[in-house]
Amino acid sequence: MKEFIKKLPMQISNTFFCIIIFFSVISKLKGVEEIPVERLFQFIMLSVIGGALMELSFGECIFKNISDAKRVCIFIVPFAVITFVCAVIFQWITRLDAISTYIKFIGIFLFCGVLSVILFEIEHRIRGREYTRKLREYQQRSNKNE
Amino acid sequence: MLLELIENKLIKKTKVTIEYKEKNDTINKLIDFIERIDIFENSITASADGKLYSLDIDDILYIESVDRKTFCYTEDKIYELGCKLYDIEEKYGVYDYIRASKACIINLKRVSSIKPDFGGKILALMDNGEKIMISRQYSVILKEKLGLGGKHR
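Chains as they are written, first to last, in this note's numbering: chain A, 1 to 146; chain B, 1001 to 1153.
Hint data in this document are derived by calculation from the structure and do not stem from the laboratory. Yeah, the Cβ is synthetic: ideal placement off N, Cα and C, and Gly gets one too. Don't take every hint at face value.
Simulated pairs of lysine-lysine, DSS-like, Cα-Cα distance not exceeding 25 Å [stated by the list, open to error]:
#1 A:K64 with B:K1131
#2 B:K1145 with A:K134
#3 A:K64 with B:K1102
#4 B:K1102 with A:K7
#5 A:K7 with B:K1115
#6 A:K6 with B:K1102
#7 A:K2 with B:K1102
#8 B:K1012 with A:K134
#9 A:K70 with B:K1115
#10 A:K70 with B:K1131
#11 B:K1131 with B:K1077
#12 B:K1013 with A:K134
#13 B:K1069 with A:K64
#14 A:K134 with B:K1109
#15 A:K134 with B:K1131
#16 B:K1109 with B:K1091
#17 B:K1051 with B:K1091
If the Cβ cut is set under 8 Å, some of the chain B residues that face chain A in the computed set are [stated by the list, open to error]:
#18 D1096
#19 L1108
#20 K1109
#21 V1111
#22 S1113
#23 I1114
#24 K1115
#25 P1116
#26 G1119
#27 M1133
#28 K1145
#29 L1146
#30 G1147
#31 L1148
Using the sequences plus the hints, can you model the full thing?
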């Protein structure tokens, strides 16, 4: 719990940064030039929830020894639901009667989820190779010293 | 018998040289004694099925503390140890044993691969295919030992 509280501010700020980047890109694509101040507060609120979910999913607090993919799922499913609720409440999306709205929303989250899993896996594998190489060197040194 | 002790901080392993004119019983006893010390230092006494075993420390994959009891795991068997985890760490820490968590010590010689995990942890794949998570606190020590800088994310 102590560790969770300690790491929470960092996770919130990371989530906030990602949300801002994401919404800036979407806004730019839609031709929107500015983000209203009240929307920033809405993003902060979402970041607090997202940061807590992030630490719960990727930290050691609750889930131990589970795969990267499972961690991403544990994070992304509730975060997608919460984001959708926020999007409806704060009117980030207005056309709730159009099926395309839901498809786009799920599509974006699915894409982000799959991309995250792939990137995490690639990054861990690359570093893992380096770690294992160093381990082999250590084992060889250790055997020579015997 | 003349005993000569030479302190040399440059050497990595202690070397014992026995210089004799003729090999006799005393020399043989001395050699036997020194060899036994080596065996004693590289082995650990453990029990299983009501029998006592002397295990080579290199045969042990990891040692775990469960319900105040200490168990060591080889590729095919689990043994119980009569000592606590910190005793093992103190006695065999100079070898290739390293803490993975508060309740587990792993033998680095029996790790087939390692991979970083979330929260600065490291996932170790043992020779028998078992996966052991090295906590953030101890992964820093492991990284330092392997020359990976000891930094964590």
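Okay, the hints, checked on the actual structure:
For the hint linking K64 of chain A to K1131 of chain B, the alpha-carbon distance of about 12 Å falls within 25 Å, and the restraint holds. With a C-alpha separation of about 10 Å, the suggested pair K1145 of chain B and K134 of chain A falls inside the 25 Å cut-off, and the hint holds. Of the supplied pair hints, the one linking K64 of chain A and K1102 of chain B holds, its CA atoms being roughly 14 Å apart against a limit of 25 Å. With a C-alpha separation of about 21 Å, the suggested pairing of K1102 of chain B with K7 of chain A holds against the 25 Å cut-off.
Only pairs whose Cα atoms come within 25 Å are accepted, and K7 of chain A paired with K1115 of chain B is accepted, the gap being roughly 22 Å. The suggested pairing of K6 of chain A with K1102 of chain B holds, with an alpha-carbon distance near 20 Å, which does not exceed 25 Å. With a C-alpha separation of about 17 Å, the suggested pairing of K2 of chain A with K1102 of chain B holds against the 25 Å cut-off. For the hint linking K1012 of chain B to K134 of chain A, the alpha-carbon distance of about 20 Å falls within 25 Å, and the restraint holds.
Between K70 of chain A and K1115 of chain B the CA atoms are separated by roughly 17 Å; this keeps the pair inside 25 Å, and the hint holds. Of the supplied pair hints, the one linking K70 of chain A and K1131 of chain B holds, its CA atoms being roughly 17 Å apart against a limit of 25 Å. Restraint check for K1131 of chain B and K1077 of chain B: satisfied, since their Cα atoms lie roughly 17 Å apart, inside the 25 Å limit. Taking the CA atoms of K1013 of chain B and K134 of chain A, the gap is near 22 Å; set against the 25 Å cutoff, the hint holds.
For the suggested pair K1069 of chain B and K64 of chain A, the alpha carbons sit about 22 Å apart, so the restraint of at most 25 Å is met. Taking the CA atoms of K134 of chain A and K1109 of chain B, the gap is about 12 Å. The hint holds against a cut of 25 Å. Restraint check for K134 of chain A and K1131 of chain B: the C-alpha separation of about 19 Å stays at or below 25 Å, so the hint holds. Taking the CA atoms of K1109 of chain B and K1091 of chain B, the gap is about 17 Å. The hint holds against a cut of 25 Å.
Among the hinted pairs, K1051 of chain B with K1091 of chain B is consistent with the structure: their alpha-carbon atoms are about 23 Å apart, no more than 25 Å. Against a cut-off of 8 Å between C-beta atoms, the interface hint on D1096 of chain B holds, since the closest Cβ of chain A lies about 6 Å away. Satisfaction of the interface hint for L1108 of chain B is found here, the shortest Cβ-Cβ separation to chain A being roughly 7 Å, below the 8 Å cut-off. The interface hint given for K1109 of chain B is met, as the beta carbon of that residue sits about 6 Å from the closest beta carbon of chain A, less than 8 Å.
With 8 Å as the threshold, the beta carbon of V1111 of chain B comes within range of chain A, its nearest partner Cβ sitting at about 6 Å, so the hint holds. Given hint, S1113 of chain B at the interface with chain A, holds; its Cβ is 5 Å from that chain's nearest Cβ, closer than 8 Å. Interface hint at I1114 of chain B: satisfied, since its Cβ lies 5 Å from the closest Cβ of chain A, which is below the 8 Å cut-off. About 3 Å separates the beta-carbon of K1115 of chain B from the nearest beta-carbon of chain A, less than 8 Å, and the hint is met.
Proximity of P1116 of chain B to chain A holds as hinted, the smallest CB-CB distance being about 5 Å (cut-off 8 Å). Interface hint at G1119 of chain B: satisfied, since its Cβ lies 5 Å from the closest Cβ of chain A, which is below the 8 Å cut-off. Using the Cβ-Cβ criterion of 8 Å, the hint placing M1133 of chain B at the interface with chain A is satisfied: the shortest such distance is roughly 5 Å. A least Cβ separation of about 7 Å between K1145 of chain B and chain A falls short of the 8 Å threshold, and the interface hint therefore holds.
Restraint check, L1146 of chain B versus chain A: the minimum CB separation of about 4 Å is within 8 Å; hint holds. Because the smallest distance between the Cβ of G1147 of chain B and any Cβ of chain A comes to about 6 Å, under 8 Å, the interface hint for this residue holds. For L1148 of chain B, the suggested interface contact is upheld, since its CB lies about 6 Å from the closest CB of chain A, less than 8 Å.
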